[in-house]
Amino acid sequence: MPENKRGVGAHYLNRVVHCLLAFGYCLLLLLACSNTDAKFQQYYVQGEQLYIKHCSNCHQKSGKGLGLLYPPLGPSDYMEKNFDDVLCQMKYGKKGFLSVNGKDFNQPMPGVRSLTELEIAEVATYIYNTWGHDRGMVEVVEVTTAVEKCSP
Amino acid sequence: MKLFWGRQRSLYCLPIAIRMFTVYCLLLSACRGKEEKLPIFGERTANGTDTVFHTIAPFRFVDQDSAIITNESFGGKIYVADFFFTTCRTICPIMKTQLVRVYEATRDMPDVMILSHTIDPEYDTVALLHDFARRLGVESKKWHFVTGLRDSIYKIAQTSYFATAMKDQTEPDGFIHSGAFLLIDKARRIRGKYDGTKEEDVNRLMSDINTLRKEYGE
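Respectively, the protein sequence lines represent chains A and B. Heads up, the first sequence stops at 162 in the working numbering, and the numbers go up one at a time, no gaps. Heads up, the second sequence stops at 220 in the working numbering, and the numbers go up one at a time, no gaps.
These are computed hints drawn from the structure, not numbers from a lab. Every value quoted in this text rests on a predicted model; they were computed, and no experiment measured them. Here a beta-carbon is modelled for each residue, glycine too, at the ideal position from N, C-alpha and C. Misleading hints may appear alongside valid ones.
To be verified - Non-contacting residues of chain B with respect to chain A, defined by C-beta distances greater than 12 angstroms in every case (computed):
{"#": "1", "residue": "Asp67"}
{"#": "2", "residue": "Gly77"}
{"#": "3", "residue": "Thr99"}
{"#": "4", "residue": "Asp133"}
{"#": "5", "residue": "Phe134"}
{"#": "6", "residue": "Arg136"}
{"#": "7", "residue": "Leu151"}
{"#": "8", "residue": "Thr172"}
{"#": "9", "residue": "Arg193"}
To be verified - Straight line, CA to CA, 27 angstroms or less: simulated DSS-like cross-link-like pairs of lysine-lysine:
{"#": "10", "chain 1": "A", "residue 1": "Lys105", "chain 2": "B", "residue 2": "Lys169"}
{"#": "11", "chain 1": "A", "residue 1": "Lys63", "chain 2": "B", "residue 2": "Lys200"}
{"#": "12", "chain 1": "A", "residue 1": "Lys63", "chain 2": "B", "residue 2": "Lys195"}
{"#": "13", "chain 1": "A", "residue 1": "Lys104", "chain 2": "B", "residue 2": "Lys169"}
{"#": "14", "chain 1": "B", "residue 1": "Lys195", "chain 2": "A", "residue 2": "Lys113"}
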């Protein structure tokens with residue numbers, strides 16, 4: 011009899027512990043999700059400020075660029091196909107021809123050498139999630155990889 | 003008594019109302035007339051009974067089509083002048099964006115033109131200016147991009163248009179220059195000065211162009 015009782019009690023305790031663990035796991039999952047969202051928001055908002063400061067005088071706040079002088083960022087088939095290059099160009103600039111949406115551009119673009127990898131990730135998060143782009147979060151590690159390959 | 007407050011009253015008051023209304027209109031047009039004239043910038047001297055105003059000195063430059071451009075090219079025209087260079091990455095992109103706005107807004111006004119001078123004539127060749135203008139999508143007969151002797155350009159910038167323009171190695175792009183737009187009337191006088199990097203100031207320029215045109219009865 012007593013053994014049975016202990017068995018039932020242990021079984022009950024087991025279920026409670028399992029429930030608590032499951033609940034705890036769900037909570038962690040929820041927190042993790044909202045953390046990612048918050049991080050995205052942070053990068054996006056910071057990126058927008060940096061874009062306005064460093065990029066908008068040529069590419070415009072609207073991302074539309076200017077004639078055949080400064081290419082548009084949205085929409086931009088070039089951006090979609092040349093992610094790593096775009097990250098590099100933010101830091102080191104770009105010389106020579108490139109084609110965006112079927113139009114040729116040739117105006118040299120100055121880079122902003124002072125941008126940190128975090129800042130590049132922030133600007134990229136902004137431009138790749140605005141004006142029709144929908145890439146999602148751009149992580150610092152992606153920037154590090156790209157920039158390492160193109161450093162002059 | 004009843005009659006006075008009926009038909010007679012309206013007959014009595016109407017002429018007075020008409021007279022008052024006419025006076026009001028005259029006053030309004032007189033007042034508006036006074037407000038609607040743009041100032042004339044620069045020194046003025048008295049020459050007998052006439053006032054001699056500051057005017058843009060004669061110039062001779064070459065534009066993006068290799069055409070010789072002088073004051074005569076702007077004879078009988080209102081124009082907007084500025085100073086820039088094609089490799090400028092600080093204020094010039096904004097200035098060009100704003101001038102494109104002015105270009106578009108005055109597209110149907112044959113009496114309004116634009117004159118952009120390069121302050122880096124060694125780099126900004128005619129061919130480069132031609133490409134630049136083409137890329138902006140503008141017609142050369144309305145918007146001239148001119149180059150010429152460096153000294154001539156700097157001198158006219160500083161002494162005629164009162165716009166700063168000079169080489170300076172300490173500046174990020176190598177030049178100090180103002181982002182000013184100058185509005186010049188048909189008598190080559192400066193009628194307005196605007197910050198070409200500020201959208202609101204360029205709005206003011208566009209409004210002033212309309213005011214100036216009215217002065218000439220356009």
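Quick rundown of the hints versus the structure:
The Cβ of Asp67(B) lies farther than 12 angstroms from every Cβ of chain A, with a closest approach of about 18 angstroms, so its non-interface assignment holds. Every Cβ of chain A is farther than 12 angstroms from the Cβ of Gly77(B); the closest lies at roughly 29 angstroms, confirming the non-interface assignment. The Cβ of Thr99(B) sits about 6 angstroms from the closest Cβ of chain A, inside the 12 angstroms cut-off, so the non-interface label is violated. Taking the minimum C-beta to C-beta distance to chain A, about 8 angstroms, the non-interface status of Asp133(B) is violated against the 12 angstroms cut.
Its beta-carbon lying about 7 angstroms from the closest one in chain A, Phe134(B) breaks the requirement of being farther than 12 angstroms from that chain. Not every CB of chain A lies more than 12 angstroms from the CB of Arg136(B), the least distance being 7 angstroms, so the non-interface label is violated. Non-interface call for Leu151(B) relative to chain A: holds, since the shortest CB-CB distance, roughly 26 angstroms, exceeds 12 angstroms. Under the 12 angstroms C-beta cut-off, the non-interface status given to Thr172(B) relative to chain A holds; the minimum distance is some 17 angstroms.
Consistency note on Arg193(B): stated as away from chain A, and its beta-carbon is indeed over 12 angstroms from all of that chain's, at 28 angstroms minimum. Our distance criterion of 27 angstroms between C-alpha atoms is met by Lys105(A) and Lys169(B), whose separation comes to about 24 angstroms. For a cut-off of 27 angstroms, the pair hint linking Lys63(A) to Lys200(B) stands: about 15 angstroms separates their Cα positions. Note on Lys63(A) and Lys195(B): the hinted pairing holds, with a Cα-Cα distance of about 26 angstroms set against a maximum of 27 angstroms.
The hinted pair formed by Lys104(A) and Lys169(B) meets the criterion: a straight-line CA distance of about 25 angstroms does not exceed 27 angstroms. Between Lys195(B) and Lys113(A) the CA atoms are separated by roughly 36 angstroms; this puts the pair beyond 27 angstroms, and the hint is violated.
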